[in-house]
Amino acid sequence: MLTELSAYTNRWRRVTPTAKGLFSLCGMIAAFAAGSSRTALLIALMLTAAAIMGAGVPPMRYLRVAAPALLFLVTSALSLLVSLDFGHNYATGVSLHLAGPEMTRIAHVCCRSLACLTALLFLALTTPLPDIISLLRLCKLPDTLLDLMTLCYRTLFVLSEVVHETLTAQSARLGYASVAISLRSLGVLIANLSVQVWQRSQALHLAAVARNNDGALLFLPPDFPHATRSISRAAISGILLIALAVTLP
Amino acid sequence: MTAAILSLTNVSYRYPDGTSALDNCSLTVARGSRTAVLGTNGAGKTTLFLHLNGILRPSSGQVRWEGTPLDYGRSELRKLRSRVGLVFQNPDSQLFSASVREDVSFGPMNLGLSEKIVRERVEEALHAVGMTDSADKPVHNLSYGQKKRVCIAGVLAMQPEVVVLDEPMAGLDITMQEELTTVLERLHAAGMTIIVATHDLDFAYGWADEAIILQSGRLLAHGVPAKILLQQDVRNELGAAPLVAEISSQLSLIGIDLRDKGYLPRSKSELLTALGAHIRQETKP
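Protein chains in written order, with this note's numbering: chain B, 6 to 254; chain D, 6 to 290.
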């Protein structure tokens, strides 16, 4: 929900998603083009600054959204950094090895990943999903995939409300008083949710038919003011980012 | 009398599980009228509505549009569904997109209209339901009443001749109910035919020109609300009569006649005005 909150309340909410998508893509290209860890870190910093200082995403919110992904990154870095050696026989046992000579490459990969992450975070924290879907539609992604994204995104909120209400109703009747009861309640909740998903899909189908739908879900593409200007600015900034990544050692 | 825009002749419908939802139902809806459909839960109101939009096809009998039996071919159904807009009871079952504007555009886009026209229609529809200011908000951040209004806008953007609303007042607070009534009044004033399913007897009594009472899929009564809602069999079926009508009739028993030129008050505000006038007349020196 934090991503959602940022996407709808940031300063660049009304900037065309094409511009933000383009800048994010350039960020990712720059991340891959970065020749050293230092350059990749600089790209990551610049992308973070664009989100925080440009779009006005609060720094703490940015960190909280980035935290799970950073945790994955740290775990991956550690698994690259440390290797287990089981030895050739039982006598030598298991030993830990630090990847000494590979350190620079590992740091480079991690910093690149971090830059890629910040590029994606920039898009996710500044652009609501319906806008991203309309951007993907422009990119000619298959309709079925986009329809699924649209429905899943909408249904996510509807079902989370149902889950919340059911949990409250169960808790009010001591549904989570002990481990055994909690397991049973959880099972009932999942069963109830499955039925609801089926019923709601039927209802959505009826609603679509009632509004003359017989194929892909068609929506009006959102209209953004000064789209050309925003795209030009994003392209220039993106190209500068790539140029920086390429030219710096 | 105004010509019938929609009519049902001996329509029966049985669901695949064998449940009989409509049983030999015959009724007409006049063009430009305000019709309230009343009945207990399971009386067949929603099934009736699904027939009006061509989603369900009668097991027997006929549904007619301006006297012509419905053709259930693909292109004719498209025409019918652009003429008869259906607003479902639960907004979360109707709203597809998380964006208000996108969702309202869904119907007109399905009609194959140009982007420019769709954009104009979306803005008009949002304005008609007073949701222009919330058009950029995500649907999941709207209140229940606002979601209902977005649903109505989604149907209005298709510019239908008939709007059918399934229990639009359910779950709304008093203020939202009043706002929705204003929206319905505005649509009626613009010449739209409106059909509403409701459990609110007072709303039906005060708002509708015609009332249709369903009982276990059968038509129990059809006519002017001021008459049929006071019939004993209708009272028994619905469990009550409109409060305003009850008060007026009780007052008439003690000699207080609230009729103004033969017209009895139909809403709370009309009742209060009539009572005020009566009291002023009685206390005149």
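By construction, these hints were calculated from the structure, which means they are not laboratory data.
Don't take each hint at face value.
Stated by the list, open to error - Result set (SDA-like, lysine to any residue): computed pairs, CA atoms no more than 25 Å apart in a straight line:
no.	chain 1	residue 1	chain 2	residue 2
1	D	LYS266	D	LEU243
2	D	LYS142	B	THR80
3	D	LYS142	B	GLN175
4	D	LYS273	D	THR45
5	D	LYS142	B	GLY40
6	D	LYS121	B	ARG178
7	D	LYS152	B	MET58
8	D	LYS142	B	HIS169
9	D	LYS84	D	LEU57
10	D	LYS289	D	GLU275
11	D	LYS142	B	GLU170
Could you work out which earlier hints the structure fails to respect and list their numbers in ascending sequence? Violated: hints 1, 2, 3, 5, 6, 7.
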